[in-house]
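Novice: Following the hints, complete the assembly by docking chain B onto the known chain A.
Chains as they are written, first to last, in the numbering used here: chain A, 26 to 328; chain B, 463 to 743.
Bear in mind the hints are in silico, worked out from the structure with no lab data behind them.
Incorrect hints may appear among the rest.
If you only want the chain A side, here are some residues facing chain B, beta carbon under 8 Å, derived [stated by the list, open to error]:
1. P60
2. I128
3. L151
4. I211
All C-beta atoms in this analysis are idealised placements derived from N, C-alpha and C, irrespective of residue type, glycine included.
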Amino acid sequence: MDRKAKSTAFFFDNLQNFLFVLPAVAIFCVFYIYPFYKMINLSFFDWKGIGPMHFIGLANYQELMGDRLWWDSIIHAGYITFIALTFQNVLAFSLALACDREIRMKRFYRAVFFIPPVLSEVVVGLIWNWILSPEMQSGHPTGLLNNLLFSSGFPQLAHNWLGDPKTAMTTIAIVNAWKGFGWGFIIFLAGLQMIDKQLYEAAKIDGAGAWKILTNITIPKMLQLMLVVVILTILGCMQVFVLILTLVSEGLVNHTDVPVTRIFAAMQNTNRFGYACAEAVIFGSILVGISFILKKLSDKAKQ
Amino acid sequence: MKINKYIMQRMAKSTLIHVFLGFVTLLCLFPLFWMVRCSLMSNETIFIDKGLIPAHLNFGNFAEAWTKGNLAGFFFNSIIYTVCVVGGIVLISSLAAYAFSRLKFPGKNILFYLFVAAMMIPLPGSFVALFVLMTKLHIVNTRFGYILCLINVGLSMSILLLKTFFDKMPSDLEDAARIDGCTKLGIWRHVALPLASPAIAVIVIFNSLTVWNEYILATLLLGDSKLMPLQRGLMVFQGAHSVDYPVLMAGLTIAVVPIVCIYLLMQKHIVKGLSSGAVVG
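Excised from the complex, chain B in its bound form:
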């Protein structure tokens, strides 16, 4: 009898927990569901059809957003920016982190602490000065300038993360490679980089999220709509379709799907990166 009561109590508790978690899950997912639902309606039915799932599915909105709204162009730009920035960050930060961890040169510690300090000091308004600088260098409104700015945004965090990883890594393999006559660059390329791939995965996913979702610098630096990334493009698109909700929601869905897919695929690395970063920092 007593055991029964214990089991009942446990079941009640676990049901309560599931109700709580389920409610928040609903809260998280419903706005996204609503977005997809509305993207499948037409401009007439969206105000009439009250059903959760529209009676007539209308996929034309996606085609309209993609071609007429020029989301195709913005999407393509975002892919270019993400690939270039993330590639640049991985290359530059792994070179620097490797040197900070393994090699000797004067001023090493000061330089490293500069990067750490940069991560700690928030610069909310530095975009004003950045804009002035970019104008002086004549790289406002160019892909190149935007990419360089974004590489700088992710650099400190990536260097710090990779250096901590290299510090913990045993150097036996590198010593062996050196004895076999491998150059420093060769060791970095053929030994250190492959071994650091878990940390690099974390850097890739976090920086991809940042670049894909970046808005402020894109607004400031890219006036030409041919160069705009997706987030900036969505605002232009919203300005043009502010009353055409189904097409707008289709546009948003196009922007959401890739990032959610990448997130779900690389989830493990996100959790790992966040928890290690927060527990360390």
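Chain A with its partners taken away, still in its complex shape:
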């Protein structure tokens, strides 16, 4: 009898503890696990969102393999990511290096550089859309950038930056870098500040120059953090979507498509839910694959 009471108490104790995590687990199962399963499941069906569902096996995936627009969109996102990895992260790292010392206004700089990342993509897109506007009013461009080019004597450089397929992707990538470099900057600065300053002093006494210190102390010490920033940049930039929507709206659809716009279009414009899910599965697998490889590399760097 005593043992039974004990085990009942034990059961209720566990139940009580479990109740603490129940709300989180319930929301997680309904809004994460189920959509995850449903996404894979739907990718094998031909379905318009309502009405009958037809099981078509791998047909969606087969079609996807030959879909030029889809693979183009991945290349576009890859291009934005490439600019972010090179231009944006190098800028972020050099800014962090510049700030990692006793200088005046350090806190001011740090506060300012993180303002673009806290703005929403809608706001950033619409502001830059206006700055880059190609419209002309009585012989003068209305957009700030073209206006500056006109008044500084380079009217031939004025350009429809977002409307021309040749420059559109680069312009989008630069705006994206403008919005994003603050993240890398803050993370790099925090990492730099954790490096023991005595190492630098010792190297200086041994006669090492600034470049030697950078390549032999700073970069090896920061390698792991750099890989984290690289992973975050890739995951963030590959999924860019709202920025493109607000910068070019419907203007240049096929030239500035990224995977998420394709998924959206398949779902909302053509009502092909199954195909949209197949795209999402492939895209998600690519991202998981990339971050998995980089994670392995980062674990290696840790050793």
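Specialist: This is chain B only, laid out in the frame that chain A set:
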């Protein structure tokens, strides 16, 4: 003489650094300055007045954006969503993180690793399936459905962050409370939560930013313009005022000011959260 040269070198170096940092600062702030500048002009002067600061300040655009553009409604919606989602996340994630850190129950580790895995696996297209689910549950186009979806978005990260915090926290105070006869829920409420306030501040600020700036789910789930949050509303607003730049810029300024103010006030927590998150992860 030699010392002089050394000082000169140092000064040149620090000037160079300040020029570099100052240039990037200008690059960061100028688009925002331009937005505010244009929001103070009228539709006639915006194409004529080339000055940095407009000759005639026109505050009417803000009133027009606020009332005629219905930004007031969108703004109000965004506040409701942010408060509800962030409140929900803090409540649910602190309960769960406390249990993961301190309490025992079967399946604890598996459940916890599920949350961690969820954070690592990006689901870029899950919104398609999410939309299907919401339609089935009949909570498309409701505030409730949107709030639940957003709570889910921030949950994993918050649980992970809080659990790491609780793990490092000494449990002496909790033991004392238990001996004094406090229930588990009471300990969570009166001991653990107050002690975790630095970590909770980080969660509040990051999730507020996410919710305030959220766009994709709002587009997908909320078709009714009465329910739209600010970012979605801005796109509707832009569609209606696509050529009326001063009013559009006034609308954008209204959307930017609160988030920048909150950011500047809570800056410390952002830096802390980002650096601890990145260094750990």
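Novice: Please go over all the hints and tell whether each is borne out by the structure.
Specialist: Right, here's what the structure says about each hint:
The beta carbon of P60 (chain A) is positioned within 8 Å of a beta carbon in chain B (closest approach about 4 Å), and the interface hint is therefore held. Interface restraint check for I128 (chain A): the shortest CB-CB distance to chain B comes to about 6 Å, inside 8 Å, so the restraint holds. Nearest Cβ of chain B to the Cβ of L151 (chain A): about 6 Å, under the 8 Å cut. The hint holds. The restraint placing I211 (chain A) at the interface with chain B holds, with a minimum CB-CB distance near 5 Å, inside the 8 Å limit.
Hint check: no violations occur; every hint is consistent with the structure.
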